[in-house]
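S.K.: Chain residues, written in single-letter form:
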Amino acid sequence: MITFGSILSSSWPKIFQIISVIVLFFGFYGIAFAAGARIKGKKQNSLAIGLFLVPALILVMTGLGIPAIQTFIESFKNADSSKWVGLANYTNAVKDPDIRLAFINTISWVVISPVIVTTLGITLATMLNKMKREAFAKSLIFMPMAISFVGGSLIWNLMYAYQEPNRPQTGLVGQIMVWLGFELKHLLLWSPWNNLFLMVVYIWGFTGFGMVILSAAIKGIPTEIEEAAQLDGATGFRLFRTITVPMVRTTIIVVLTTAMVGTLKLFDVIHTMTGGNFKTDVLSNRMFDENFVYLNYGRGSALAVLIFLGVIPITYYNIRSLRLERKH
Amino acid sequence: MKKTLKLSAVLSAIALVATVFTATSSTAATTEYCKDFTQFGSYKNKTVKVFAGIRDPEASVMTKVFAHFTACTGIKIAYEGTDQFETLLPVRVKGGNAPDIAIIPQPGLVETMVKTGKAVPVTAAVLKNINTYYNPAWKAFTTVKGKVYGAPFGASSKSLVWYSPAQFKALGVTVPKTWAQMDAIAAKFKAAGKLPWCAGIESGAATGWAATDWIEEMALRELGPDKYNMWWQGKLKFSSPEMQGVMNKVAAWLGTEAQVGNLQSVATRKFQDAGVPGLKDGTCGMLQQASFYSSMFPAGTTFGPGKDADAFYLPATNSKFGNPIEGAGEFPVAFSKKPEVGAVQAYFSSPAYGTERAKLGGWTSANSGIALSAYTDPVLKVVAQSLQSKKGAIVFDASDLMPTAVNGAFWKEITKFYAEGKSMKDVAAAIDANW
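Residue numbers (our numbering), protein chains in the order written: chain D, -19 to 308; chain P, 805 to 1239.
What the hints contain is simulated information worked out from the structure, not anything from laboratory work. The model shown is predicted, which means the values in this text are computed figures rather than measured ones. Each residue gets a CB set at the ideal place from its N, CA and C atoms; glycine is no exception. Hints should not be assumed to be uniformly reliable.
Unchecked claim - Footprint (simulated), chain D over chain P, 3 or more residues, beta carbon under 8 Å:
| hint | region |
| --- | --- |
| 1 | 888 to 896 |
| 2 | 1163 to 1169 |
| 3 | 1215 to 1223 |
Claimed, not checked - Computed list of chain D residues with no C-beta within reach of chain P, every gap over 12 Å:
| hint | residue |
| --- | --- |
| 4 | I(-5) |
| 5 | A14 |
| 6 | L27 |
| 7 | F32 |
| 8 | A36 |
| 9 | A59 |
| 10 | I96 |
| 11 | L167 |
| 12 | L169 |
| 13 | T203 |
| 14 | I205 |
| 15 | P226 |
| 16 | F268 |
Unchecked claim - Here are some chain P residues the structure puts well away from chain D; computed CB gaps all over 10 Å:
| hint | residue |
| --- | --- |
| 17 | T927 |
| 18 | Q985 |
| 19 | G1008 |
| 20 | A1009 |
| 21 | G1065 |
| 22 | N1066 |
| 23 | G1212 |
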């Protein structure tokens, strides 16, 4: 007979495992710290550094280091990682017309959307600065950031929905096009513009982030400088161009590069809205498809490595700008 | 004093007899009920984790049936369903977190899982069920290097055309027996200003699979089962003259504006929505889709000739190969040698599960141990009857049998035919490049 006890007990082992791991971890460190405290003299400092580094190092290695190395190795192997294939996965990535298109799309994502995010972000931040009920307006713009991109994509799927011309349109964007007298289009199939429509989702979700960061930087500009410029006769756009922008330059770069890294990793919008069909595929979505739909770990890993190589220079620039900003 | 004592004694005696009586009657009922389950053995507080792509409403009906098994054998079936099954299963198995049983809908994925070395061949009891109750074609689908890994859990026929009896009546036509008759009906729909065919192939990451089915049906009918098998094995290319002939026939059948309406809309319409509003409101006439499509109709829809909706066998295009069926099925594959896992697998392959499940509707099996009377739905009865047959060609979904990379390319490329107007010739060349 089935009892409540038996249902409960089925979930026991996992909880037990988790608890025992936590207990073990703290137990080990309790002993290690106690032992470390007894060691005096020159060795104490280096020992303490070592002790504190080990858990972080273990976590970084298991969560990031080892998988990264494994991905790199698998990118030189065949579909089920049973044979070495040399550079075949990389040459395939260059030759395959679909992957080549994904490359082009990814580049256009990286170039177009961060620029719009940053431009919109700084415009909004400047316009909202010292406005009445600034916080309210900002939280409205920031709101989409709280929605996952999968959720946002589902919302925008409804916005772009298409019905036959003889039926009432259910998509808001399609209906507005009808009202304005445009020809009704399948927005998600209208290549190459459909890429732009997908970018709108990302921009809608990410602009709030750029605005908040840039707004903080603008508020950090010393009032004396602004006043001095105003006394010299600078107003409006000139003030914005000659004072605001140069003063928050490093922050602009941080927002720009963060958005760029975001677009390189971007997968959820494409996966949810078009599944990479209709000429909208990007590298990260293709990587997912290769790995988990076609089960070709070799090709998937090769794409992962390529994305990683693309992210490195941007991330480097991002970190450098962050450091510069901190120095100011 | 004495009297009261006596009275209470009598009363308690009656009560006792009553308790004993009710107790025995209830155990008798349970024993009677559990008779069919003794073959699976008796266990204490065991749990078997089952993982599959089957989701609600189907999943909750299934788990309702499992409850009886649990009550009689003591094995709890912890079911987990997800729409990302094909993606998650390899990840879990690779990560050493395999379920006890995975219900795999693609023989190709069964083979992939066997290659990981983590899948376990079926027990003798399951093998006996397979040999007793199923057309041998089913066993072949999960046989890898001479070992059998599963019996079909649920099975369905894809060779069906859904229609609205009211629409057929209005046009004065009856269910077609041949392809030519079906074409004549399509012409009548067109003459009445309606689209003869309903179509929709959007399905998330698997967009395009519905259209691959159309090509398979046509290939099976035009080329026969032998060439069909050569095709999914990669021995007959998509760009071969035979397959090009098949693909161009499909393009004429379900790939023109006159037959299915705007082709781009076909690419973005969810396969679930392909026929449900259209058949009813009369915008389109017929839908080629598998038997499971009955569950897409709104609650309260009646099925059968003269009812709200009905289906007929997609006719053969010629008389060379009889009436072949394209079937589909899910195969429970074990990843554990524990006896309770074997018991659940035996239960899945036995008529004990199937009979009970069939009575609840919306489901068919290829298990010939299930009496046809268990199927209440007239459409499903027709499907089950054809699936139970132990002779005759039953082929599996060809794209599901192809390597995952080719299958994925097949989905993606055929979607391009609809979305981007890519020619069938270019579609074929692009798919062939993935072998």
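S.K.: Taking the hints in turn, state whether each one holds.
M.R.: Taking the hints in turn, this is what the structure says about them:
no.: 1; hint: 888 to 896; verdict: holds (count 4)
no.: 2; hint: 1163 to 1169; verdict: violated (count 0)
no.: 3; hint: 1215 to 1223; verdict: holds (count 4)
no.: 4; hint: I(-5); verdict: 15 Å, holds
no.: 5; hint: A14; verdict: 35 Å, holds
no.: 6; hint: L27; verdict: 35 Å, holds
no.: 7; hint: F32; verdict: 30 Å, holds
no.: 8; hint: A36; verdict: 23 Å, holds
no.: 9; hint: A59; verdict: 7 Å, violated
no.: 10; hint: I96; verdict: 26 Å, holds
no.: 11; hint: L167; verdict: 10 Å, violated
no.: 12; hint: L169; verdict: 5 Å, violated
no.: 13; hint: T203; verdict: 53 Å, holds
no.: 14; hint: I205; verdict: 53 Å, holds
no.: 15; hint: P226; verdict: 46 Å, holds
no.: 16; hint: F268; verdict: 9 Å, violated
no.: 17; hint: T927; verdict: 23 Å, holds
no.: 18; hint: Q985; verdict: 29 Å, holds
no.: 19; hint: G1008; verdict: 6 Å, violated
no.: 20; hint: A1009; verdict: 5 Å, violated
no.: 21; hint: G1065; verdict: 7 Å, violated
no.: 22; hint: N1066; verdict: 7 Å, violated
no.: 23; hint: G1212; verdict: 5 Å, violated
Hints 2, 9, 11, 12, 16, 19, 20, 21, 22, 23 from the list above are not met by this structure, while the remaining hints are.
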